[in-house]
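Same order as they appear, the protein sequences are chains A and B. So that you can map any letter, position 411 of the first sequence is 411 in the working numbering, and since no number is skipped, the others follow by simple counting. Counting the second sequence from 1 gives a position; the working numbering is that position plus 1000.
Derived from the structure by calculation, the hints contain no laboratory data. Even glycine gets a Cβ: it sits at the ideal position worked out from N, Cα and C. Heads up, some of the hints might be wrong.
As the list claims (entries may be wrong) - Every beta carbon over 12 Å from chain B, so not counted as near; a handful from chain A, in silico:
hint, residue
1, Lys111
2, Asp131
3, Asn178
4, Lys185
5, Gly187
6, Glu215
7, Ala256
8, Asp272
9, Val436
Claimed, not checked - Straight-line Cα separation of at most 25 Å, SDA-like style, residue types lysine to any residue; simulated pairs:
hint, chain 1, residue 1, chain 2, residue 2
10, B, Lys1285, A, Phe164
11, A, Lys285, B, Lys1189
12, A, Lys389, A, Ser401
13, A, Lys346, B, Glu1237
14, B, Lys1185, A, Ser175
15, B, Lys1285, A, Asn178
16, B, Lys1087, B, Glu1237
17, B, Lys1189, A, Lys389
18, A, Lys128, B, His1169
19, A, Lys339, B, Gly1238
20, B, Lys1346, A, His236
21, B, Lys1128, A, Glu335
22, B, Lys1275, A, Phe164
Number of protein chains: 2
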Amino acid sequence: MQKSLKIAVVGSGLVGTLLAIYLKRAGHTVHVFDRSPDIRKIQFSGRSINLVMSNRGWKTLKDIGLDEEIKKIGIPVDKRAIHTGDKLNYQYYGKDGEAIFSLSRGLLNRKMIDLAEAEGVEFFFDHKVWDVTLSDASLHIGETERGEWEELKYDKVFGADGAFSRVRHRMQRQSMFNYSQEFLKIGYKELNIPANADGTHKLDKNSLHIWPRGEFMLMALANPDGSFTCTLFMPHEGDNSFENLKDKETLVAFFANHFPDTKEVIPNLVEDFFKNPTSYLVTMKCFPWTFEDKVALIGDACHAIVPFYGHGMNAGFEDITILSEIMQKHGDDWETIFKEYEESRKPNADAIAELSYRNFMEMSSKTADEKFLLQKKIEKHFSEKYPDKWMPLYSRVTFSSHPYSEALAMGDFQDGIMKQVLEMDDIENIWDSKEVEERIISLLNHK
Amino acid sequence: MQKSLKIAVVGSGLVGTLLAIYLKRAGHTVHVFDRSPDIRKIQFSGRSINLVMSNRGWKTLKDIGLDEEIKKIGIPVDKRAIHTGDKLNYQYYGKDGEAIFSLSRGLLNRKMIDLAEAEGVEFFFDHKVWDVTLSDASLHIGETERGEWEELKYDKVFGADGAFSRVRHRMQRQSMFNYSQEFLKIGYKELNIPANADGTHKLDKNSLHIWPRGEFMLMALANPDGSFTCTLFMPHEGDNSFENLKDKETLVAFFANHFPDTKEVIPNLVEDFFKNPTSYLVTMKCFPWTFEDKVALIGDACHAIVPFYGHGMNAGFEDITILSEIMQKHGDDWETIFKEYEESRKPNADAIAELSYRNFMEMSSKTADEKFLLQKKIEKHFSEKYPDKWMPLYSRVTFSSHPYSEALAMGDFQDGIMKQVLEMDDIENIWDSKEVEERIISLLNHK
């Protein structure tokens, strides 16, 4: 057991709140600060950005017995439903019974704060942290950035305050702090598929629906209330871009042209499109993540990624699992805990950033590509027959706890093999033959 | 002629001051703000970080007739003097008469501010700019960051406030602003070789002296007062590192071991080493560089690079040349001026960042490598015979005004050729033969 400390967590999002529960269970006094009001007291529509929880996230919840509680508000999603032209193809994510879970961010966050309060974590909403003194772990809190501030001293501060973290902002001014933020040329906007009158879903609720169109795509994930949250991803500028969808006529014609089958299911297209903001996508990397034994960053605050693998929350939750394991190893030696935590997590954060970035191409283009679908079919066939020889990349990332960095490296290795396999004569017809299997095995042995 | 505007330049360094002169000459009212006192009124020792001016920098000065004035305080440097073991090798930079110029930053900056004031530029020293309102080009100035601020409105603001630019800091909080800062594992510390009693230099003053030792190196550049400014570049941590040179004994033994020939010429080694700070090296990249027609970044504020090519100031001055050419083309259309400026300069800033980063390896390791010296010899021989066919990379960067991005690409192309040439049988003996020449020409034609 560690010596009981007074710890501040900045940010009451999913990672901050779950970290607070872990720290409380470890015997510490935990105060969570958030610049926003209590999310449980704000009206929000049933809709909200959707998240997917996969094995890594579940593990972190399960280790402290919270998984069953959360599973109740999630919808299992076991496949992609690919809408191309008038065809609808299904692509299963993993083996039978393997699924990711669609969750509403708002519902999940409310639930987690309830659970944290029940554990004895104290929350301070509407408290804006403007600055941090790193060397003595104190927070500077006030109404406005230029107004009066109050200083609150802690033993440790965790920055779980997201991609635009104020805690990181202070660390960023230290020498030897590496930092990058890179925006995608692609932005996104939310749309909505409402429930049927009887509360059922208009599309299969256990699928992640994708309308892949190359440079842009539409996506939909089910909500428990029968609706779907849709996300349109497309370039900010250029031919098919948000900039070019300026008026009602252009928008309606664009959807009729590219997404004809959505006409029936997205009734409020025009209203939602022009009401909802166009949002930005950024990859943020930095290092170090900690300052002496005083301050540590966690989740999006130190590794914000684009959403195309659905792993932002999962990676943040896995930070907590790893940190917690290291805490158990090193007791009160927080300097070692923080060093080992950042060194162990950094390569994996970089790997999931890369995988997420690449996955836009996979979702928006490759899912509509015959060759790619054939590759997936071969991989699935081979991995089902030889599960010890081949775990597909998606499964390794999503249904396993193997480090992300290992998944990235293995994925590249497997891709090299599949490239050669796809060049075999008549591969379209012999894809499930003994010959192909033997070829894969021989290439695997030449690692 | 452009419509006369009220323009603020933040930063009275070399780029800010020279930009101010250009803007004044273009008919504008120019105010330069600096958080520091007037450098002309501060005591500074004859020593200071040394700069090298090469063709790009000279061109910017020459275009407004300031080159002759500045040349008076510079020392031409036409070669590297490589100190390995007990050998001293000279490596000429270019053709006969081609040289870079060693200049003291302090002397140069004082001189430039004098020149700017003579033109009618107004300077506001000890004025700390803490923030900028981008949309109306106004500066927020005050004694302290948390104290009272005064707001000053301009038509345009230029951020020439260096690698830690406050102007950029504000832009960085905009969506779609890409940014990265990456620190080298290598730091540096200044040392000094004093003048002889009669004011002459202890080493050849027309050489850039290098003691290449692989992971670390010592460098020396002459000052007009007979002294040399030395810079020790080495890793912050590890085997041969600043961290490990903790006490007098270790330091003296380290220098005796690695730089025995400096014992005579660096008398105050111990005192200087422990008195002078260990400094950091950072590469900073960002984009965009401008905000609407209101604000633009220039020099280190938008492209801070490591010093190994001696091009930080030269690249900043070239920004001014290019901006000025574009101003002449587009009159009062500042939005177009700013767009074209950033789009034209960004690839070149990235290229000199890459070249500078690579040049540490060249200076610290390759200058002591026989194969590399042979390559340089072949290139020199061939380029002297066929000047229209081959301009060595260093010459293209330093003695030409070809875009940096072109220099980087051509350098890589030439390197590929030289790699093949160096593999020719008996190349050590046939390096200046007809056969080698023909081989190079044939490889050039297969571009």
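Task: Given as non-interface: Lys185(A), partner chain B, CB spacing beyond 12 Å - done: 9 Å, violated
Open item on the list: Hinted pair, alpha-carbon criterion (25 Å max): Lys1185(B), Ser175(A). Please report holds or violated.
Closed with: 11 Å, holds
Task: Minimum Cβ distance from Val436(A) to chain B greater than 12 Å, as the annotation requires - done: Fine: 38 Å to the nearest Cβ keeps Val436(A) off the interface.
- [ ] Classify the label on Asp272(A) as holds or violated, using whether its beta-carbon is more than 12 Å from each beta-carbon of chain B.
- [x] 21 Å, holds
- [ ] Test the statement that Ala256(A) is away from the interface with chain B: the closest C-beta pair must be farther apart than 12 Å.
- [x] Correct as stated: the minimum Cβ-Cβ distance to chain B is 30 Å, above 12 Å.
Task: Hinted pair Lys1087(B) and Glu1237(B), Cα distance within 25 Å - done: 29 Å, violated
Task: 25 Å limit on alpha-carbon distance, applied to hinted pair Lys1346(B) and His236(A) - done: The hint holds at about 21 Å.
Open item on the list: Minimum C-beta separation from Lys111(A) to chain B exceeding 12 Å: can you confirm that?
Closed with: Nearest chain B Cβ is 30 Å from Lys111(A), so the label holds.
Open item on the list: Hint check: Lys128(A) vs His1169(B), CA-CA at most 25 Å. Holds or violated?
Closed with: Cα-Cα ~20 Å, so holds.
Task: Restraint status (C-alpha distance of Lys1189(B) to Lys389(A) at most 25 Å) - done: 54 Å, violated
- [ ] Measure nothing beyond the straight line between the CA atoms of Lys1285(B) and Asn178(A); if it is 25 Å or shorter, mark the hint as holding.
- [x] 12 Å, holds
TODO: Would you check the hint for Lys339(A) and Gly1238(B), treating anything up to 25 Å between C-alpha atoms as holding?
DONE: Within the cut-off at roughly 17 Å; holds.
Hints 2, 3, 4, 5, 11, 16, 17, 21, 22, counting from the list given before, are not met by this structure.
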